[in-house]
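*Asks:* Sequence:
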Amino acid sequence: MNLTTLYPLNTILRFYLPTAAIMLVVLYYLLRRAPVQQLLGEYRRKAAYWILTGVLAVVGLLAVFNYVATDYYRFNSYLNAYEFYHYYIGTKYAREVGYTDMYAASLIADSETGMKWKDKSGTIRDLATGRHVNHKHFLERADEYKAKFTPERWEEFKKDIVWFKGRLVDYRWNGILRDKGYNGTPVWSMLVGTFLSNRISTDNEWGMMFLALLDPLLILITFLMVVWAFGPRTALLMIVLFGTHYMMKWWHMKGAYLRTDWAMCLVMSACLVRKNKFTAAGALTGYSALARLFPAVLIIGIAAKLFWNVMDLAVAQVRSLYRRAGMHRQPFEVRMLFKVTALVFLALFFWRTSALVYGVVIPWLGGEEPGLGTFFTMLVSGTGGYSPFLQAGIFVVWVVLGLGLAALAVWGFWKKLLERRYFYFLAAFAVTTVGLLGLSHLFWHGTEYWNDYTTKITKHNTDISTWRVGYKYIFMADFGDDFSYIEKPIKSWQPRVRSEWYRDRQDEWWHTQILILLLTVFACMGLKDYRAYILGFVPLFYLISPTYYYYIMLLLPLLFFAPRIEQGRYALGLCLMYLTAMSGYWFYAVWKQDYGTYYWLSVQVLIMVLYMLVLAFMESMVFSIERRSAFLEKSEGPAIS
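Residue 102 in my numbering is what sits at position 102 of the sequence shown, and the numbering runs on without skipping anything.
Derived by calculation from the structure, the hints in this document are not laboratory data.
There may be inaccurate statements among the hints.
As a list, the in silico BS3-like pairs of lysine-lysine whose alpha-carbon atoms are at most 25 Å apart [claimed, not checked]:
1. Lys-592 to Lys-488
2. Lys-592 to Lys-180
3. Lys-120 to Lys-158
4. Lys-158 to Lys-146
5. Lys-277 to Lys-528
6. Lys-180 to Lys-120
7. Lys-275 to Lys-528
8. Lys-456 to Lys-146
9. Lys-180 to Lys-159
10. Lys-136 to Lys-116
11. Lys-116 to Lys-180
12. Lys-158 to Lys-148
13. Lys-159 to Lys-116
14. Lys-136 to Lys-146
15. Lys-116 to Lys-146
16. Lys-180 to Lys-136
17. Lys-136 to Lys-120
18. Lys-118 to Lys-159
19. Lys-415 to Lys-277
20. Lys-456 to Lys-136
21. Lys-118 to Lys-146
22. Lys-116 to Lys-148
23. Lys-592 to Lys-491
24. Lys-416 to Lys-275
25. Lys-146 to Lys-159
26. Lys-528 to Lys-415
27. Lys-416 to Lys-277
28. Lys-416 to Lys-528
29. Lys-158 to Lys-180
30. Lys-180 to Lys-459
31. Lys-136 to Lys-148
32. Lys-158 to Lys-136
33. Lys-136 to Lys-159
34. Lys-159 to Lys-148
35. Lys-148 to Lys-180
Simulated restraints, written as ranges between beta carbons of each label pair [unchecked claim]:
36. Val-315 to Leu-39: 47 to 57 Å
37. Thr-512 to Gly-393: 20 to 30 Å
38. Lys-275 to Val-315: 27 to 37 Å
39. Asp-482 to Val-26: 31 to 41 Å
40. His-132 to Asp-170: 10 to 20 Å
Even for Gly, the Cβ is constructed at its ideal location relative to N, Cα and C.
Turn these sequences into a full structure, and let the hints steer you where they fit.
*Replies:* Encoded structure:
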């Protein structure tokens with residue numbers, strides 16, 4: 001099938017469909033305004049709602065067409081052999097090629113089956129060092145690489161390489177061995193390699209197509225779950241974003257091999273939290289975390305909800321002790337003296353805590369070796385110019401407080417004074433991650449494979465790539481000392497990447513990370529559970545900067561806005577997401593695959609996450625007082641005995 005003839009229509013749809021969605025969002029908003037309701041009446045208002053939803057369904061159907069028509073069948077085949085190669089070979093032959101030998105072994109297999117690789121540079125990437133090395137270096141060591149295979153496995157490997165060579169044009173096969181290799185985690189390699197890659201051979205054309213269809217199947221299941229948890233309108237709004245967004249359009253995730261499982265698991269987790277299925281949500285988030293690591297940040301929202309739940313219980317117990325001690329019967333002057341003394345003590349304590357954070361914690365996080373030994377050395381050495389005794393004392397107090405809150409949480413869970421659903425989520429997350437890590441340890445016969453992965457992914461993350469999106473690439477942007485670029489053509493509005501800023505300004509970097517984390521935790525105080533879960537996207541954006549096509553995860557923050565578009569502030573947030581979807585194409589027209597495109601996309605996502613944070617604080621201001629008061633009335637009676 002060749003969909004390239006539909007490209008002109010596709011070019012139009014990627015702008016028209018988000019614009020249509022924005023117009024529909026505005027109409028949904030207007031439909032809930034009192035003057036419109038009075039004008040239409042109840043019956044006609046409901047009819048108008050379903051008419052709008054019908055139009056949205058048509059827009060969603062066109063968005064599906066747009067998604068399929070963009071980069072699917074790019075080389076006259078649904079199966080994306082370039083991406084498929086990395087994840088099929090990387091999981092099937094993980095024991096033989098690991099994270100460093102895949103390209104070398106592939107080149108040797110190519111040479112034994114009729115050399116197709118003929119790159120003019122004469123080099124392929126040495127995945128052990130990341131450098132491009134003359135291909136003869138690997139061919140001369142063929143026996144060394146082949147020795148890692150049994151004779152049967154080597155023949156199977158050669159057959160698979162022939163299969164992929166036959167589905168890649170020359171320049172694509174040349175380029176594939178100069179890419180950056182396979183980056184799946186050892187847990188993902190274990191699961192996918194055991195249950196799929198090693199069970200379905202390249203001889204089985206239908207089986208290989210089944211593997212290539214797993215992503216669309218997961219996407220379909222995810223949208224059905226959104227219908228179940230949020231309703232058809234939210235699901236249709238998500239389909240429009242998914243089918244038209246610049247960062248979701250490219251071929252990297254299409255016709256590939258389970259490239260979207262982690263993202264779909266996150267969206268499904270939000271649906272499960274919305275439906276009060278916390279154990280399943282925790283397990284899916286745990287799988288997602290071990291599939292790509294960075295999704296682990298998403299537990300922050302539920303962990304924050306548990307923290308505030310425990311703090312509510314702690315306040316209730318302090319009030320109970322206050323009353324049991326008879327303090328409420330003391331003269332007004334005594335009570336005021338007690339409260340003022342407590343406030344002064346807390347102010348001093350948090351003042352000294354800030355000194356500990358600025359003097360020890362942040363320099364430790366930004367150091368070259370942030371190990372526990374380094375931390376305790378800095379703690380007792382007077383780093384930052386503060387008293388070592390005082391810093392150690394503050395640290396000990398925090399440890400004691402932490403242990404006390406943990407004990408209170410266990411007691412509250414046992415006495416059913418806390419919301420158990422948060423425990424279920426975190427317990428399921430912990431059991432899933434620890435269990436899979438333990439299985440991977442046994443499967444790989446130790447930690448060597450994990451060590452190789454850690455080395456590779458650490459280097460991968462320290463490399464600077466202008467295709468990545470996140471706060472880090474805003475942090476490193478240099479426009480110069482003035483705003484003179486504003487007077488120049490738009491094409492000049494592209495900053496320089498200052499990677500040394502990230503290395504040299506680690507204190508500033510970690511100040512920002514801690515601030516965003518604290519703001520997120522405070523914003524979760526009065527949020528509904530599913531919204532707190534989604535708000536974890538805010539620190540994720542600040543901390544992690546993956547390649548742009550990983551921003552298929554923008555489907556998650558869409559669920560923060562889409563269910564509430566009758567309220568103008570949420571409708572505005574969703575419209576911003578659609579504008580970001582379209583603007584990427586315009587940026588690409590100006591800067592192509594260069595830093596300017598992904599810098600400005602990063603800025604737009606930054607605006608979105610900060611707006612999410614503002615809305616979350618607004619929600620917390622409205623709901624937290626009522627919730628805390630209700631909880632205190634319920635919990636004031638029982639006390640620890």
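*Asks:* Confirm or reject each hint.
*Replies:* We went through each hint and held it up to the structure:
1. Lys-592 to Lys-488: holds, 18 Å
2. Lys-592 to Lys-180: holds, 21 Å
3. Lys-120 to Lys-158: Status holds; Cα separation ~24 Å.
4. Lys-158 to Lys-146: holds, 11 Å
5. Lys-277 to Lys-528: Within the cut-off at roughly 14 Å; holds.
6. Lys-180 to Lys-120: holds, 19 Å
7. Lys-275 to Lys-528: Within the cut-off at roughly 12 Å; holds.
8. Lys-456 to Lys-146: holds, 22 Å
9. Lys-180 to Lys-159: This hinted pair holds, its Cα atoms lying about 23 Å apart.
10. Lys-136 to Lys-116: holds, 15 Å
11. Lys-116 to Lys-180: holds, 20 Å
12. Lys-158 to Lys-148: holds, 14 Å
13. Lys-159 to Lys-116: holds, 14 Å
14. Lys-136 to Lys-146: holds, 15 Å
15. Lys-116 to Lys-146: Distance of about 19 Å is within 25 Å: holds.
16. Lys-180 to Lys-136: Given pair Lys-180, Lys-136 holds - Cα atoms ~19 Å apart, limit 25 Å.
17. Lys-136 to Lys-120: This hinted pair holds, its Cα atoms lying about 13 Å apart.
18. Lys-118 to Lys-159: holds, 20 Å
19. Lys-415 to Lys-277: holds, 22 Å
20. Lys-456 to Lys-136: The given pair, whose Cα atoms are some 24 Å apart, holds under the 25 Å limit.
21. Lys-118 to Lys-146: Answer holds: Lys-118 to Lys-146 is near 21 Å, not above 25 Å.
22. Lys-116 to Lys-148: holds, 23 Å
23. Lys-592 to Lys-491: Measuring from Cα to Cα gives roughly 10 Å; hence the hint holds.
24. Lys-416 to Lys-275: holds, 21 Å
25. Lys-146 to Lys-159: holds, 14 Å
26. Lys-528 to Lys-415: The given pair, whose Cα atoms are some 23 Å apart, holds under the 25 Å limit.
27. Lys-416 to Lys-277: holds, 18 Å
28. Lys-416 to Lys-528: At roughly 20 Å apart (the allowed maximum being 25 Å), Lys-528 and Lys-416 satisfy the hint.
29. Lys-158 to Lys-180: holds, 21 Å
30. Lys-180 to Lys-459: holds, 11 Å
31. Lys-136 to Lys-148: holds, 19 Å
32. Lys-158 to Lys-136: holds, 19 Å
33. Lys-136 to Lys-159: holds, 22 Å
34. Lys-159 to Lys-148: It holds: about 17 Å lies between the C-alpha atoms, which stays within 25 Å.
35. Lys-148 to Lys-180: Cα-Cα ~21 Å, so holds.
36. Val-315 to Leu-39: 47 to 57 Å: Once the Cβ atoms are compared, 48 Å apart, the range 47 to 57 Å for Leu-39 and Val-315 holds.
37. Thr-512 to Gly-393: 20 to 30 Å: 28 Å Cβ-Cβ, so the 20 to 30 Å window holds.
38. Lys-275 to Val-315: 27 to 37 Å: Hint holds: Cβ distance 30 Å, inside 27 to 37 Å.
39. Asp-482 to Val-26: 31 to 41 Å: 39 Å Cβ-Cβ, so the 31 to 41 Å window holds.
40. His-132 to Asp-170: 10 to 20 Å: Holds: the Cβ-Cβ distance is about 18 Å, inside 10 to 20 Å.
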